[in-house]
Amino acid sequence: MFIMDKKLERVTKNTFNSGSIRDAVVFLDMCIKSAFPEFHFRGIEVTNLMATKKIVEGKSWNHVFKITSVTSTLGSAWEISCHRVSHGSSTDKKVILDAETLRIINQ
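Residue 479 in the numbering used here sits at position 14 of the sequence shown, and the numbers go up by one each step.
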């Protein structure tokens, strides 16, 4: 297993231990870019942070996102859900990322 990146470690700690909205925005952006590298989402912002439940919700111009802490067979992970809210034909997406590296472990 890889060692958690220092920036990811700091951002995750500040988001969920301190309730930092600024770090929650960075965390949301890092997770979205890792989960959906082939897409470019514009205007990403955090809409809800439930630090004690380890849930971050956010939106872009055309999509809503939900990041939830889950346990996979490989250990702790993040489930990233994406739903299109404006006109368009993209389907809902769900990706599981390893919590320590933000690498995709399940699509």
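Worth flagging that the hints you see were computed from the coordinates, not collected in a lab. One thing to keep in mind: the hints can contain errors.
With a Cα cut of at most 30 Å, we get these calculated DSSO-like pairs of lysine-lysine [said to hold, decoys possible]:
| hint | residue 1 | residue 2 |
| --- | --- | --- |
| 1 | K559 | K524 |
| 2 | K524 | K471 |
| 3 | K518 | K558 |
| 4 | K559 | K471 |
| 5 | K498 | K558 |
| 6 | K518 | K559 |
| 7 | K531 | K558 |
| 8 | K498 | K472 |
| 9 | K531 | K478 |
| 10 | K472 | K531 |
| 11 | K478 | K558 |
| 12 | K558 | K472 |
| 13 | K498 | K519 |
| 14 | K471 | K518 |
| 15 | K498 | K471 |
| 16 | K531 | K518 |
| 17 | K519 | K531 |
| 18 | K558 | K519 |
| 19 | K559 | K531 |
| 20 | K531 | K471 |
Just so you know, these numbers come straight off a predicted model, no measurement behind them.
Results for each hint:
1. K559 to K524: holds, 15 Å
2. K524 to K471: holds, 26 Å
3. K518 to K558: holds, 22 Å
4. K559 to K471: holds, 26 Å
5. K498 to K558: Satisfied, since the Cα-Cα distance of roughly 13 Å is no more than 30 Å.
6. K518 to K559: holds, 19 Å
7. K531 to K558: holds, 11 Å
8. K498 to K472: Within the cut-off at roughly 15 Å; holds.
9. K531 to K478: holds, 18 Å
10. K472 to K531: With a Cα-Cα distance of about 21 Å, the restraint between K472 and K531 holds, given a limit of 30 Å.
11. K478 to K558: Judged against 30 Å, a Cα distance of about 26 Å means the pair holds.
12. K558 to K472: Roughly 26 Å separates the two Cα atoms, so the pair holds.
13. K498 to K519: The given pair, whose Cα atoms are some 19 Å apart, holds under the 30 Å limit.
14. K471 to K518: Holds, because 23 Å separates the two Cα atoms, which is no more than 30 Å.
15. K498 to K471: holds, 18 Å
16. K531 to K518: Given pair K531, K518 holds - Cα atoms ~12 Å apart, limit 30 Å.
17. K519 to K531: holds, 11 Å
18. K558 to K519: This hinted pair holds, its Cα atoms lying about 20 Å apart.
19. K559 to K531: holds, 9 Å
20. K531 to K471: Holds, because 23 Å separates the two Cα atoms, which is no more than 30 Å.
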